Amino acid sequence: MAGAILLALSVVPAWAAEEHSAEQFHEEPPILGTLLIDRFEHRWRDGENSIDWDVQGWVGGDTNKVWFNAEGSKPVDGDVEEAEFQLLYSRMTSEFWDAQIGIRHDVRPQPQTTYGVIGFQGVAPYFFDVTAQLFVSEDGDFSARLEAEYDLLITQKLILQPVAEVNVSAQRVQELHIGPGFNDIELGLRLRYEVVREFAPYIGVNWERKLGETADIARDHGEDPSDLSLVAGVRFWF
Amino acid sequence: MHKTLPGLSRRDALKFAGAVGVAGVVTVYPGRRVFAASDRSLDLAVERTRITIDGETSNAISIGGSIPAPTLRWREGQEVVIHVTNRLDEGTSIHWHGLLLEGVMDGAPGFNNYRPIGPGETYTYRFKLRQAGTYWYHSHSASQEQEGMYGAIVIEPAGRDPVRADRDYVVLLSDHTPENPENVLRKLKVSEGYYNNNRRTLVDFFQDAKRDGLGATINDRLAWGEMRMDATDLADVTGYQFLVNGKGPLDNWTAVYNPGERVRLRIINGSAMSIFDVRIPGLPMTVVSADGQNVVPVKVDEFRFGVGETYDVIVMPTEDKPFTFFAESIDRTGFARATIATREGMEGEIPEQRPRAILTMADMAMAPGMDHGSMAGMDHGSMAGMDHGNMPGMDHSAMPGMDHGSMQGMDHGSMQGMDHSNMPGMDHSAMPGMSHGAAGSKDQAVGWADAGTPPGAKALSYADLKALVRNKDLREPTHEIEVQLTGMMSRYIWTLNGQKFDEGASIRVAYGDRVRIRFVNTTMMAHPMHLHGMFVELENGQTDRMPKKHVVLVPPGQVTTVQLTADEPGEWPFHCHLLYHMASGMMTRFIVEPHTASL
Amino acid sequence: MRLSTHTLGAVAALITSTGLLVSPGLAFAAPGEAGHKHDTAAIGEPAKATPKTRTIQITMGDNFYEPETIPVKAGETVRFVIKNTGEFLHEFNIGTTAMHAAHQKEMAMMVDHGMLSATGVDVKKMKMDHSTMPGMGHSMKHDDPNSVLVEPGQTKELVWKFTKPATLEFACNMPGHYESGMVGKVNFQR
Numbered sequence: 001m002a003g004a005i006l007l008a009l010s011v012v013p014a015w016a017a018e019e020h021s022a023e024q025f026h027e028e029p030p031i032l033g034t035l036l037i038d039r040f041e042h043r044w045r046d047g048e049n050s051i052d053w054d055v056q057g058w059v060g061g062d063t064n065k066v067w068f069n070a071e072g073s074k075p076v077d078g079d080v081e082e083a084e085f086q087l088l089y090s091r092m093t094s095e096f097w098d099a100q101i102g103i104r105h106d107v108r109p110q111p112q113t114t115y116g117v118i119g120f121q122g123v124a125p126y127f128f129d130v131t132a133q134l135f136v137s138e139d140g141d142f143s144a145r146l147e148a149e150y151d152l153l154i155t156q157k158l159i160l161q162p163v164a165e166v167n168v169s170a171q172r173v174q175e176l177h178i179g180p181g182f183n184d185i186e187l188g189l190r191l192r193y194e195v196v197r198e199f200a201p202y203i204g205v206n207w208e209r210k211l212g213e214t215a216d217i218a219r220d221h222g223e224d225p226s227d228l229s230l231v232a233g234v235r236f237w238f
Numbered sequence: 001m002h003k004t005l006p007g008l009s010r011r012d013a014l015k016f017a018g019a020v021g022v023a024g025v026v027t028v029y030p031g032r033r034v035f036a037a038s039d040r041s042l043d044l045a046v047e048r049t050r051i052t053i054d055g056e057t058s059n060a061i062s063i064g065g066s067i068p069a070p071t072l073r074w075r076e077g078q079e080v081v082i083h084v085t086n087r088l089d090e091g092t093s094i095h096w097h098g099l100l101l102e103g104v105m106d107g108a109p110g111f112n113n114y115r116p117i118g119p120g121e122t123y124t125y126r127f128k129l130r131q132a133g134t135y136w137y138h139s140h141s142a143s144q145e146q147e148g149m150y151g152a153i154v155i156e157p158a159g160r161d162p163v164r165a166d167r168d169y170v171v172l173l174s175d176h177t178p179e180n181p182e183n184v185l186r187k188l189k190v191s192e193g194y195y196n197n198n199r200r201t202l203v204d205f206f207q208d209a210k211r212d213g214l215g216a217t218i219n220d221r222l223a224w225g226e227m228r229m230d231a232t233d234l235a236d237v238t239g240y241q242f243l244v245n246g247k248g249p250l251d252n253w254t255a256v257y258n259p260g261e262r263v264r265l266r267i268i269n270g271s272a273m274s275i276f277d278v279r280i281p282g283l284p285m286t287v288v289s290a291d292g293q294n295v296v297p298v299k300v301d302e303f304r305f306g307v308g309e310t311y312d313v314i315v316m317p318t319e320d321k322p323f324t325f326f327a328e329s330i331d332r333t334g335f336a337r338a339t340i341a342t343r344e345g346m347e348g349e350i351p352e353q354r355p356r357a358i359l360t361m362a363d364m365a366m367a368p369g370m371d372h373g374s375m376a377g378m379d380h381g382s383m384a385g386m387d388h389g390n391m392p393g394m395d396h397s398a399m400p401g402m403d404h405g406s407m408q409g410m411d412h413g414s415m416q417g418m419d420h421s422n423m424p425g426m427d428h429s430a431m432p433g434m435s436h437g438a439a440g441s442k443d444q445a446v447g448w449a450d451a452g453t454p455p456g457a458k459a460l461s462y463a464d465l466k467a468l469v470r471n472k473d474l475r476e477p478t479h480e481i482e483v484q485l486t487g488m489m490s491r492y493i494w495t496l497n498g499q500k501f502d503e504g505a506s507i508r509v510a511y512g513d514r515v516r517i518r519f520v521n522t523t524m525m526a527h528p529m530h531l532h533g534m535f536v537e538l539e540n541g542q543t544d545r546m547p548k549k550h551v552v553l554v555p556p557g558q559v560t561t562v563q564l565t566a567d568e569p570g571e572w573p574f575h576c577h578l579l580y581h582m583a584s585g586m587m588t589r590f591i592v593e594p595h596t597a598s599l
Numbered sequence: 001m002r003l004s005t006h007t008l009g010a011v012a013a014l015i016t017s018t019g020l021l022v023s024p025g026l027a028f029a030a031p032g033e034a035g036h037k038h039d040t041a042a043i044g045e046p047a048k049a050t051p052k053t054r055t056i057q058i059t060m061g062d063n064f065y066e067p068e069t070i071p072v073k074a075g076e077t078v079r080f081v082i083k084n085t086g087e088f089l090h091e092f093n094i095g096t097t098a099m100h101a102a103h104q105k106e107m108a109m110m111v112d113h114g115m116l117s118a119t120g121v122d123v124k125k126m127k128m129d130h131s132t133m134p135g136m137g138h139s140m141k142h143d144d145p146n147s148v149l150v151e152p153g154q155t156k157e158l159v160w161k162f163t164k165p166a167t168l169e170f171a172c173n174m175p176g177h178y179e180s181g182m183v184g185k186v187n188f189q190r
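Residue numbers (this note's numbering), protein chains in the order written: chain A, 1 to 238; chain B, 1 to 599; chain C, 1 to 190.
Derived by calculation from the structure, the hints in this document are not laboratory data.
Do not take every clue at face value.
[Claimed, not checked] Calculated lysine-lysine pairs in the BS3-like style (CA-CA distance at most 30 Å, straight line): (1) B:K299 x C:K127; (2) B:K466 x C:K156; (3) C:K127 x C:K156; (4) B:K466 x C:K164.
[Claimed, not checked] Quick partial rundown of chain C residues pointing at chain B, CB under 8 Å, derived from the structure: (5) Q57; (6) G61; (7) E87; (8) Q154; (9) H177.
Computed from a prediction, not measured in an experiment: that's the story for all the values here.
Even for Gly, the Cβ is constructed at its ideal location relative to N, Cα and C.
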């Protein structure tokens with residue numbers, strides 16, 4: 001017993017002398033990042049064809065991330081019509097969900113508008129990737145967007161991705177040509193082939209329909225509130 | 001100080017082995033250095049190198065100039081001195097896996113006042129060998145182990161070895177990726193299932209529907225979908241080359257024997273991430289040692305092999321023919337292969353790979369908040385005597401069509417940490433939506449534990465392990481430490497008790513305490529849990545012959561308990577030995593505090 | 001019920017004794033082996049000790065013998081005094097490699113049926129007539145003259161006459177013991 005105590009005592013300075021931190025072991029959890037060009041596609045339609053994109057990326061650790069979203073559209077032979085950027089702080093709130101807060105800036109359409117954003121992003125049961133965002137513009141207008149997508153594996157490399165998006169506005173925003181209530185709904189179906197995980201060409205269809213007063217405004221401007229297009233593009237990430 | 005034997009032929013090596021027979025048979029691989037038992041001081045340099053496996057060359061890190069590192073053959077009672085020189089441009093370390101030693105010699109940076117060996121520095125390890133058996137050594141820094149920093153340790157007993165063999169070979173299994181390990185971890189974190197090329201597809205859906213019926217298949221997919229879990233997630237990383245003593249399946253490492261000889265294979269799983277099913281078709285193995293500790297010999301045809309574990313087996317081939325040593329990773333993405341033959345250059349038949357298991361809801365039994373609501377039509381009829389005693393957050397409310405008819409004597413009282421580990425006669429086959437349709441059939445293995453063992457063959461189970469020497473400390477544990485194995489697969493965050501290493505609380509026990517550690521695996525993966533500095537005694541049904549282990553493989557959805565006498569003061573790493581699990585947080589400090597305060 | 005068991009046993013014993021039923025286990029015996037009733041002539045024969053008989057002390061441990069080599073002369077009778085210092089049941093059995101291989105199967109069966117445990121002999125079960133057991137076509141007893149079972153702490157004797165030179169081993173055929181090296185050589189000297 002005495003020997004045991006002696007042993008114990010002799011070992012004390014070896015390990016109890018200082019407060020340890022994890023820093024000596026595996027370095028601090030590494031800062032990681034990724035950039036996903038989820039959609040970069042050509043759209044063929046009855047009217048003018050366009051190039052559309054949807055990009056997201058993040059930099060950070062397990063819990064805290066700086067999140068970046070961008071999407072937009074440009075007629076093949078024209079200037080950019082839509083270009084939206086988001087910069088968000090994203091924080092893990094549960095295994096499958098991140099809460100996000102930040103700003104959104106729409107360079108197009110004109111006038112350029114800046115919004116505050118609050119929302120969440122994650123994986124809902126049954127593997128739906130869901131993004132839900134609430135916006136308040138610099139003019140105090142409220143709007144919201146809900147987006148969901150799903151990867152259906154036909155084979156390990158052939159993946160069918162249905163996407164749905166809906167936009168809602170709390171009020172009429174004259175200069176952006178939107179009315180109160182549901183503004184539009186967008187449904188897409190894309191079939192991609194993952195040559196490698198990081199690179200997948202795809203084809204698909206995309207259908208957008210403006211709704212309610214927003215549709216009326218579109219018609220007043222001589223636009224078709226309904227837009228059906230065939231798409232082909234690439235999805236890639238780093 | 002060490003003797004090198006450059007260019008030694010096998011014949012010479014065997015002669016040499018004969019000459020030093022007193023010190024035990026020394027296995028010499030061509031072109032490999034061997035440290036004979038008399039060498040008590042040696043130098044090992046850590047340096048970047050290239051490794052060629054089956055003709056493919058990639059980056060690696062070697063200890064002592066080879067991959068695997070030289071086998072260290074020592075004798076119990078010796079004091080050994082090892083000078084490790086770091087020739088990398090980053091810190092490194094060497095951990096002596098399974099050895100009982102003073103904390104600072106354990107070689108885990110950040111613990112016991114041990115610091116990484118800086119670039120250009122030499123660190124001198126010095127410790128007395130207090131045990132005999134098969135162990136191994138590897139880097140404990142970042143992911144260097146994955147890159148080749150591992151080697152075997154063989155310690156001959158001071159007294160008589162209860163095992164006699166004519167040949168003695170180290171069989172060190174490992175997994176090698178040509179990818180940079182840091183990149184592997186990044187991909188795991190940014191893209192769930194990145195390495196899983198066996199996810200369930202629509203094609204599988206139709207096949208399952210044909211076999212199990214459409215309703216059952218839909219229920220099954222809904223159940224997994226509701227939990228956002230993947231039934232095919234057996235291993236996180238693929239793209240591995242599986243090695244035996246640094247050789248790929250084509251390189252075909254060969255152990256030579258003469259018919260009738262006893263051949264001792266000291267099998268070590270030095271993989272970063274790969275759990276194997278090991279067998280030698282046509283040659284039964286008698287397991288004589290587990291994790292370096294002698295066990296009552298048990299004859300088996302195969303065994304499941306957790307990362308970090310070791311098994312010594314005896315094989316007695318009597319015919320003059322080649323036998324294939326075959327170790328399949330449990331996700332069946334490949335295999336390690338070697339040959340046991342009467343001469344070099346022989347090749348045995350390579351067996352067909354077994355089917356990959358599909359996980360079931362039983363593998364998720366410990367998942368927090370597991371909702372049994374989706375288990376429609378589940379038949380609990382045969383769950384007599386089941387202890388529902390501790391089930392946290394289980395929702396039984398929505399189980400349509402359940403037959404609770406004969407669930408006698410069930411206690412649903414306070415459900416936390418439910419123990420499914422001993423449900424005799426529980427019939428999972430009656431759970432629709434569990435993909436059990438072809439349980440045990442050749443094309444589909446069901447549940448993590450299903451290794452596809454053919455009828456009549458004997459697979460080693462932990463229950464078969466019985467210490468050859470009686471346990472010394474037979475006191476009942478005075479308290480229990482619950483260690484929940486937790487994680488978020490989708491984010492690739494792995495934790496103990498829900499906390500990452502850098503945020504978690506340490507486990508503290510007093511010196512001399514007898515404690516029980518209760519591993520509750522809430523995840524869908526098996527975790528080989530490794531404690532440094534001390535052996536744990538596995539509660540496997542033995543009373544005074546519990547096997548002593550340094551790694552305990554805890555299956556998914558299961559509870560495994562061990563006992564421990566806290567007789568090594570210090571601050572010991574306690575972690576999952578899957579490298580990327582440890583790197584992403586599945587580690588804590590196990591502190592054995594000196595009992596000074598109360599004396 | 002009782003009667004029928006008896007009757008069955010008797011019938012089985014009769015069949016066995018008339019050699020009509022061949023144990024599947026015997027199929028594993030090497031050619032020339034006479035199965036359970038070993039043809040001990042080739043390996044020697046049991047003998048009676050006289051004051052002149054040489055004694056060899058054998059110590060059993062878990063799981064090994066000390067010594068591991070026994071020097072004998074052809075025609076010599078040896079009295080083995082076998083002490084089990086281990087904690088498990090061990091056997092001292094003189095035979096050829098093939099005989100041991102066959103006997104290992106029988107021993108494994110005895111362990112499976114509870115006649116032998118890791119630490120001892122269940123005398124009651126051992127005395128039972130096991131002839132009706134599948135795969136045991138004969139009355140299963142551990143009563144070979146060339147073998148002795150020694151329980152932990154016990155010391156037993158075996159007197160054996162090595163009639164003519166042969167390649168012999170002394171071995172413990174308890175499951176796993178032979179494989180892990182509980183075997184020694186009989187060295188015939190000139």
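Hints the structure violates: just list their numbers, smallest first. When the structure is compared with the hints, numbers 4, 5 and 8 turn out to be violated.
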